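With chain U held as given, fit chain Z onto it using these hints.
Chain by chain, the residues run as shown.
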Amino acid sequence: DGGITQSPKYLFRKEGQNVTLSCEQNLNHDAMYWYRQDPGQGLRLIYYSQIVNDFQKGDIAEGYSVSREKKESFPLTVTSAQKNPTAFYLCASRREGDSNQPQHFGDGTRLSIL
Amino acid sequence: DAKTTQPTSMDCAEGRAANLPCNHSTISGNEYVYWYRQIHSQGPQYIIHGLKNNETNEMASLIITEDRKSSTLILPHATLRDTAVYYCIVRVAEGRGKSTFGDGTTLTVKP
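Chains as they are written, first to last, in my numbering: chain U, 1 to 114; chain Z, 1001 to 1111.
A hint or two may mislead.
Facing chain U, according to a computed beta carbon distance under 8 Å, are these residues of chain Z, among others [what the hints assert, rightly or not]:
#1 Pro1007
#2 Thr1008
#3 Cys1012
#4 Tyr1032
#5 Gly1043
#6 Tyr1046
#7 His1049
#8 Asn1053
#9 Tyr1087
#10 Phe1101
#11 Gly1102
#12 Asp1103
#13 Gly1104
Calculated from the model, a selection of chain U residues having no Cβ within reach of chain Z, i.e. all distances over 12 Å [claimed, not checked]:
#14 Phe12
#15 Thr20
#16 Ser22
#17 Glu72
#18 Arg110
Hint data in this document are derived by calculation from the structure and do not stem from the laboratory.
Since we're looking at a predicted model, the values are computed, not measured.
The beta-carbon is built from N, C-alpha and C at its ideal position, and this holds for glycine as well.
Isolated chain U, as found in the complex (with noise of 0.2 Å):
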């Protein structure tokens, strides 16, 4: 079946330490975005992808990395520059040549601090 797999499900960072969360899709779209969600909110855009070797900075791009090596893979790095990473992280996808077409998730990573 065609769709976003986010993974792991589930991550627990030390202080200072980097990690990485992975997002692929196999669903052929040209646009990926990374949100953050904090308990009782909304998403919040951290990055976003239109097309590969390209990505543009969102609301919160403070203390994250990304890279668009490949069109279906859009990992987030979360720097240790980032003080408060506890937070749902959600990937999401987009055809981007069909104007109006809607954004596809994954099932998201809960990251948490040890």
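This is chain Z only, laid out in the frame that chain U set:
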């Protein structure tokens, strides 16, 4: 992207219609209205979208006012499984861009 305003929470009796409002008074002519929902600890699920005409699919109906400054998502026969957070967003139709998700409406369907 235009900002949206939704009530924080709503209740609905099981089997009745759930009507979820959304204000988007600064929407521009090329922006679509999208609705998603998020069941606890899962990724958001796309429900429906529209530009200016009313839309219906197997999940819901979307009613957009003539001036496009507000819309209503209608779940015709709500079930307990419809309990979720519902997000209304607007985004440009052309070109490339991002969507902004607000805090949404928590809909609780009660037996």
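Consistency of the hints with the structure:
Contact between proline 1007 of chain Z and chain U, as hinted, is not supported at the beta carbon level, the nearest pair being about 14 Å apart and thus beyond 8 Å. Interface restraint check for threonine 1008 of chain Z: the shortest CB-CB distance to chain U comes to about 10 Å, outside 8 Å, so the restraint is violated. Because the closest C-beta pair between cysteine 1012 of chain Z and chain U is about 20 Å apart, greater than 8 Å, the hint is violated. For the restraint placing tyrosine 1032 of chain Z at the interface with chain U, the shortest Cβ-Cβ distance is roughly 5 Å, inside the 8 Å limit, so the hint holds.
Hint on glycine 1043 of chain Z holds. Least Cβ distance to chain U is approximately 3 Å, under the 8 Å limit. Below 8 Å, beta-carbon pairs count as interface contacts, and tyrosine 1046 of chain Z has one with chain U at about 4 Å; its hint therefore holds. Using the Cβ-Cβ criterion of 8 Å, the hint placing histidine 1049 of chain Z at the interface with chain U is satisfied: the shortest such distance is roughly 6 Å. The beta carbon of asparagine 1053 of chain Z comes no nearer than 13 Å to any beta carbon in chain U, farther than 8 Å, and the hint placing it at the interface is violated.
Taking 8 Å as the C-beta contact cut-off toward chain U, the hint placing tyrosine 1087 of chain Z at the interface holds, the least distance being around 7 Å. Checking phenylalanine 1101 of chain Z against chain U: minimum C-beta separation of about 4 Å stays under 8 Å; hint holds. For glycine 1102 of chain Z, the shortest C-beta to C-beta distance to chain U is roughly 5 Å, which falls under 8 Å, so the interface hint holds. Look at aspartate 1103 of chain Z: its Cβ gets to within about 4 Å of chain U, closer than 8 Å, so that hint holds up.
This hint holds: glycine 1104 of chain Z has a C-beta 6 Å from the nearest C-beta of chain U, less than the 8 Å allowed. Against chain Z, the non-interface label of phenylalanine 12 of chain U holds: every CB pair exceeds 12 Å, the least being about 17 Å. No beta-carbon of chain Z comes within 12 Å of the beta-carbon of threonine 20 of chain U; the shortest separation is about 19 Å. Every beta carbon of chain Z lies more than 12 Å from that of serine 22 of chain U, the smallest distance being close to 14 Å; the non-interface claim holds.
Here glutamate 72 of chain U stays apart from chain Z, with its beta-carbon at least about 17 Å from theirs, past the 12 Å limit. Not every CB of chain Z is more than 12 Å from the CB of arginine 110 of chain U (nearest about 8 Å), against its label as outside the interface.
Hint compliance for this structure: hints 1, 2, 3, 8, 18 are broken, all remaining hints hold.
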